[in-house]
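Participant: Construct the entire structure; sequences and hints are all you get.
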Amino acid sequence: MLRDFCRFAGVTRFETLFPRMPEGWARHFDRYEWTGAVDLASNHIRVSDRFSHPPLEAFEPERLTVPSIVIPYQGLIVNGWADPVAAAVFVDALNAHALDQWAGDNARIALVINPHDPNGSAETLKAHRGDSRVGAITIPLTTAMLGQGIWDPVYRVVEEANWPVIIHFSGVEGAYLGAPPLAGAPHTNALSRHILMPHLAESNLASLVFEGTFYRFPRLQVVLAGFGFKWLPSLLRRMDQEWRNFRSDMPWVKDKPSAMVMRNVWVTTYPAGEATRPDTWEGEFSDELSRRLVFSSNAPFDSDDEQAVEAALGGKWLDRIASNSLELSGIVAAGR
Amino acid sequence: MHETGGTETRKIVDCDVHPLIKSVDALSPYLSSRWRERFVPRSIGQSSSNGFVFARARDRYPHPNTTYRLDALPPNGGPAGSDPEFVLSDLIEPHGITTALLLPQEHYGVVRFSSAEAAAVFERANNEYLIDQWLAVDNRFALALTVSEHDPVAAAQSIRDLGRREGVVGVQLLINKTMLGSRLFDPIYAAAQDMGLAIVSHQNGSEGCYSFAQGPAGGAPRFYGERHSVLPQVGAANVVDMIMSGVFERFPELRVVMVEWGFSWLGALMSRADHLWMKNRSAAPHLKHAPSEYVVKHFKFATQPLDEASGSKEFEAMFGIPELNKMLVFSSDYPHYDTDAPDVILGKIPEPMKDAVYWQNALDAFGSKIFRN
Numbered sequence: 001m002l003r004d005f006c007r008f009a010g011v012t013r014f015e016t017l018f019p020r021m022p023e024g025w026a027r028h029f030d031r032y033e034w035t036g037a038v039d040l041a042s043n044h045i046r047v048s049d050r051f052s053h054p055p056l057e058a059f060e061p062e063r064l065t066v067p068s069i070v071i072p073y074q075g076l077i078v079n080g081w082a083d084p085v086a087a088a089v090f091v092d093a094l095n096a097h098a099l100d101q102w103a104g105d106n107a108r109i110a111l112v113i114n115p116h117d118p119n120g121s122a123e124t125l126k127a128h129r130g131d132s133r134v135g136a137i138t139i140p141l142t143t144a145m146l147g148q149g150i151w152d153p154v155y156r157v158v159e160e161a162n163w164p165v166i167i168h169f170s171g172v173e174g175a176y177l178g179a180p181p182l183a184g185a186p187h188t189n190a191l192s193r194h195i196l197m198p199h200l201a202e203s204n205l206a207s208l209v210f211e212g213t214f215y216r217f218p219r220l221q222v223v224l225a226g227f228g229f230k231w232l233p234s235l236l237r238r239m240d241q242e243w244r245n246f247r248s249d250m251p252w253v254k255d256k257p258s259a260m261v262m263r264n265v266w267v268t269t270y271p272a273g274e275a276t277r278p279d280t281w282e283g284e285f286s287d288e289l290s291r292r293l294v295f296s297s298n299a300p301f302d303s304d305d306e307q308a309v310e311a312a313l314g315g316k317w318l319d320r321i322a323s324n325s326l327e328l329s330g331i332v333a334a335g336r
Numbered sequence: 001m002h003e004t005g006g007t008e009t010r011k012i013v014d015c016d017v018h019p020l021i022k023s024v025d026a027l028s029p030y031l032s033s034r035w036r037e038r039f040v041p042r043s044i045g046q047s048s049s050n051g052f053v054f055a056r057a058r059d060r061y062p063h064p065n066t067t068y069r070l071d072a073l074p075p076n077g078g079p080a081g082s083d084p085e086f087v088l089s090d091l092i093e094p095h096g097i098t099t100a101l102l103l104p105q106e107h108y109g110v111v112r113f114s115s116a117e118a119a120a121v122f123e124r125a126n127n128e129y130l131i132d133q134w135l136a137v138d139n140r141f142a143l144a145l146t147v148s149e150h151d152p153v154a155a156a157q158s159i160r161d162l163g164r165r166e167g168v169v170g171v172q173l174l175i176n177k178t179m180l181g182s183r184l185f186d187p188i189y190a191a192a193q194d195m196g197l198a199i200v201s202h203q204n205g206s207e208g209c210y211s212f213a214q215g216p217a218g219g220a221p222r223f224y225g226e227r228h229s230v231l232p233q234v235g236a237a238n239v240v241d242m243i244m245s246g247v248f249e250r251f252p253e254l255r256v257v258m259v260e261w262g263f264s265w266l267g268a269l270m271s272r273a274d275h276l277w278m279k280n281r282s283a284a285p286h287l288k289h290a291p292s293e294y295v296v297k298h299f300k301f302a303t304q305p306l307d308e309a310s311g312s313k314e315f316e317a318m319f320g321i322p323e324l325n326k327m328l329v330f331s332s333d334y335p336h337y338d339t340d341a342p343d344v345i346l347g348k349i350p351e352p353m354k355d356a357v358y359w360q361n362a363l364d365a366f367g368s369k370i371f372r373n
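These protein sequence lines are chains A and B, in that order.
Per the UniProt record's numbering, the first sequence runs over residues 1 to 336.
Per the UniProt record's numbering, the second sequence runs over residues 1 to 373.
Hint data in this document are derived by calculation from the structure and do not stem from the laboratory.
C-beta atoms are modelled at their ideal positions from N, C-alpha and C, and glycine is treated no differently.
Here chain A is said to cover these stretches of chain B; the calculated rule only asks that three of the stretch's residues, wherever they fall, bring their Cβ under 8 Å from a Cβ of chain A:
#1 220-231
#2 237-249
#3 267-275
#4 312-322
Some chain A residues close to chain B (C-beta under 8 Å, calculated; not the full set):
#5 A144
#6 G184
#7 H187
#8 F210
#9 E211
#10 G228
#11 K230
#12 F246
#13 M250
#14 W281
#15 G283
Calculated cross-link-like contacts (lysine-lysine; reagent style DSS-like; alpha-carbon spacing at most 30 Å):
#16 B/K297 to B/K326
#17 B/K313 to B/K354
#18 B/K354 to B/K369
#19 B/K177 to B/K288
#20 B/K313 to A/K316
#21 B/K354 to B/K326
#22 B/K279 to A/K316
#23 A/K254 to B/K313
#24 B/K348 to B/K297
#25 A/K256 to B/K348
#26 B/K313 to A/K256
#27 B/K369 to B/K326
#28 B/K297 to B/K177
#29 B/K313 to B/K326
#30 B/K297 to B/K279
Facilitator: This is the structure in structure tokens:
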């Protein structure tokens, strides 16, 4: 059986969260432009604002058929917010709602942290240690790369709790001022942005490796979700070469970068449709590297199920992915 | 002029050789007195071991060693890559290279110029210097004229003025703040297409350094090696932008050669672009074909720095990118620190692709003028 490491859930009305906000904050958020933007925030890929999306169905955890990490995706978009204080209030309310309403037998929640305040987020996370409803955390990407020391308080709590860190773009990257840029200069074409999103995973992975994050937190497990996975071998070769060329310039990096990735990093299958014809790429995946690939559905948006993965990658890879998913689940479970 | 070298059976085109001027005084004959006064005595200096104008902010991402090979320093003095005779004896003759595409490096510093007029003057002087001082020396040299985005109309005129000189085969278009798909570049693309010159894109060092430059995704890398690991993203992003912006519908004969941006990421990029485009064609109304078809038809990618695969299986897969045999061209990046030795790299190219990578794809991109004999 597959396990889903990136399944989304969202509120259909932001007003749902008002009772969970500190006094006065409901009034702050209760403005029609913001409450009316719930559809905008639900287009998390943000391919284009001109496309309409059907209203989201309410998430019902009891309908999940596979164990899933559920990301309250609307929290991811605070990486494009200008107000870091409001962002903290929003993600706290959203996390509380998710734990109460969306956790279930097959659904464990990835708590969204407020990326504008890593220290404060770490303190908030501490309160959730031991909560079996929590299965992971997710960090909305900011321009503070994930290897930077400012994230250490978060990683310290996460490592202790054995929660994997799941990274997924919000969709505002390369679009909203203050959110992380995409490669190059601003892209006006929304499809270009979507195509180039894996670069965010590349850059942050390079940061995690070259900043020595996995020496400070050797049990930290990072899942790069929704970026596809075919980009990984090329990056690993490049990082290994840079490390070999400039080892004296980074004496704190004592292992080949790819070796760290094999221990601490995972990538996910969605969108599996970009990885058809394994005969053209699987030779780049050593046996060790192929053990880092786990399943993600991306549901309820454009999504993959088991059949879609098998159709794109074939039965051999499906079996491998199922096995990998069990291993990652086991690593997480072992710490509890 | 020397006779063309190369083997009888297989030509070799090296698509990335960097010439430098010996001293900034060398440009004096190509500058008016007003510009000579500006460039020569003041801002650039009179001596340098690796060039006079820099794009990379060296107090932000200092290179850990030297950017050039110490054994490429000419015995008669001057920076590495500044003596055409020494380049012939050090690179071209030992390796039997038929044509070395010159991608002048001093131009890269022009991206920092605030004055469009100064940029145009410097570029023109350097282009003319290379035509006179390098192309005239040996018919194994070919040149990509260099232009920047400062004044695309002036750049286009310069391309039309110099583009028919013997040995000029391409236009090195510097990447600065604007994505290459922008209509800003249309005058340059029109001139290049009219003159039968390929656009050449090479990283210039400014990437990730300035508020007016392009950079990798996410945020600022911490140091040189980290930045260099993710630098190919900038090339990939511009490939995507040119396609999605409809450049090749506006200029259907345009060819683009991407140098030192790597190539092993192409398989992932092309399949992702096609997959997402198939799901959402209306998001790219310019496109009449799948994105990968534009890549294969209009782009070439240079080999250096060739990824070091962990074994033969991975190496073969790296070269198994669909239709890579139509896109890959050889490059050494001489005389830089990470030069790919031609004999080593060419030996690694899978036999069925050798002719294509050695010279046929270069011929496809640049036309028959890439061979001057």
